[in-house]
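Enquirer: With the sequences and hints as input, model every part of the structure.
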Amino acid sequence: MFTRFQTLVFGLKVLKRSYTTYDHVQKILRSLPLVWRPKVTAIEEAQNLKNMSLEVLISNLRSHEMVLNADSAA
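Using our numbering, the letters of the sequence shown map in sequence onto residues 39 to 112.
Because the hints were derived from the structure by calculation, they are not lab data.
Accuracy of the hints is not assured; some may be wrong.
Here are the simulated DMTMM-like cross-link-like pairs (lysine to aspartate or glutamate), alpha carbons at most 25 Å apart as the crow flies [to be verified]:
| no. | residue 1 | residue 2 |
| --- | --- | --- |
| 1 | K54 | E93 |
| 2 | K65 | E83 |
| 3 | K88 | D109 |
| 4 | K77 | D109 |
Just so we're clear, the structure is a prediction, and the values are computed from it rather than from any experiment.
Expert: Written out as C-alpha coordinates, the structure is:
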(Lines of atoms letter the chains of each structure in order from A; the text may use other names.)
(Lines give C-alpha, C1' and ligand atoms only; values in the text may rest on other atoms or scores of the structure.)
Protein backbone atom coordinates (compact mmCIF):
# COMPACT_ATOMS: atom_id res chain seq x y z
CA MET A 39 0.00 0.00 0.00
CA PHE A 40 2.75 2.45 0.96
CA THR A 41 4.72 1.90 -2.25
CA ARG A 42 1.63 2.53 -4.35
CA PHE A 43 0.88 5.67 -2.35
CA GLN A 44 4.43 6.96 -2.83
CA THR A 45 4.15 6.35 -6.58
CA LEU A 46 0.99 8.46 -6.69
CA VAL A 47 2.61 11.23 -4.65
CA PHE A 48 5.62 11.25 -6.98
CA GLY A 49 3.28 11.50 -9.97
CA LEU A 50 1.58 14.50 -8.41
CA LYS A 51 4.96 16.16 -7.80
CA VAL A 52 5.81 15.69 -11.48
CA LEU A 53 2.56 17.51 -12.28
CA LYS A 54 3.65 20.26 -9.85
CA ARG A 55 0.91 19.38 -7.34
CA SER A 56 2.30 19.01 -3.87
CA TYR A 57 0.62 18.30 -0.58
CA THR A 58 1.85 18.43 2.99
CA THR A 59 2.83 15.35 4.96
CA TYR A 60 -0.25 16.03 7.11
CA ASP A 61 -2.43 15.70 3.98
CA HIS A 62 -0.75 12.39 3.16
CA VAL A 63 -1.23 11.05 6.70
CA GLN A 64 -4.90 12.07 6.65
CA LYS A 65 -5.44 10.43 3.25
CA ILE A 66 -3.91 7.14 4.38
CA LEU A 67 -5.95 7.09 7.60
CA ARG A 68 -9.18 7.84 5.72
CA SER A 69 -8.50 5.08 3.20
CA LEU A 70 -8.32 2.29 5.80
CA PRO A 71 -11.24 -0.16 6.14
CA LEU A 72 -13.71 0.06 9.02
CA VAL A 73 -11.99 -2.73 10.96
CA TRP A 74 -9.09 -0.29 11.38
CA ARG A 75 -11.29 2.50 12.79
CA PRO A 76 -10.31 1.89 16.46
CA LYS A 77 -6.62 2.10 15.53
CA VAL A 78 -7.18 5.25 13.45
CA THR A 79 -8.97 6.88 16.37
CA ALA A 80 -6.16 5.89 18.75
CA ILE A 81 -3.53 7.36 16.42
CA GLU A 82 -5.49 10.59 15.99
CA GLU A 83 -5.93 11.01 19.74
CA ALA A 84 -2.43 9.99 20.83
CA GLN A 85 -0.32 11.72 18.19
CA ASN A 86 -0.02 15.17 16.71
CA LEU A 87 -0.79 14.32 13.09
CA LYS A 88 0.69 17.58 11.81
CA ASN A 89 4.12 16.45 13.06
CA MET A 90 3.82 12.75 12.23
CA SER A 91 6.05 11.41 9.48
CA LEU A 92 4.80 8.88 6.97
CA GLU A 93 7.44 6.43 8.17
CA VAL A 94 6.12 6.55 11.74
CA LEU A 95 2.54 6.13 10.54
CA ILE A 96 3.37 3.20 8.26
CA SER A 97 5.42 1.52 10.99
CA ASN A 98 2.52 1.90 13.42
CA LEU A 99 0.02 0.51 10.89
CA ARG A 100 2.26 -2.44 9.97
CA SER A 101 2.57 -3.38 13.64
CA HIS A 102 -1.19 -3.30 14.02
CA GLU A 103 -1.61 -5.34 10.83
CA MET A 104 0.61 -8.07 12.29
CA VAL A 105 -1.60 -8.15 15.40
CA LEU A 106 -4.74 -8.37 13.25
CA ASN A 107 -3.25 -11.20 11.20
CA ALA A 108 -2.18 -13.09 14.32
CA ASP A 109 -5.66 -12.70 15.81
CA SER A 110 -7.36 -13.97 12.67
CA ALA A 111 -4.98 -16.95 12.43
CA ALA A 112 -5.67 -18.01 16.01
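Enquirer: All hints, please: hold or fail.
Expert: Hints and how they fare:
{"no.": "1", "hint": "K54 to E93", "verdict": "23 Å, holds"}
{"no.": "2", "hint": "K65 to E83", "verdict": "17 Å, holds"}
{"no.": "3", "hint": "K88 to D109", "verdict": "31 Å, violated"}
{"no.": "4", "hint": "K77 to D109", "verdict": "15 Å, holds"}
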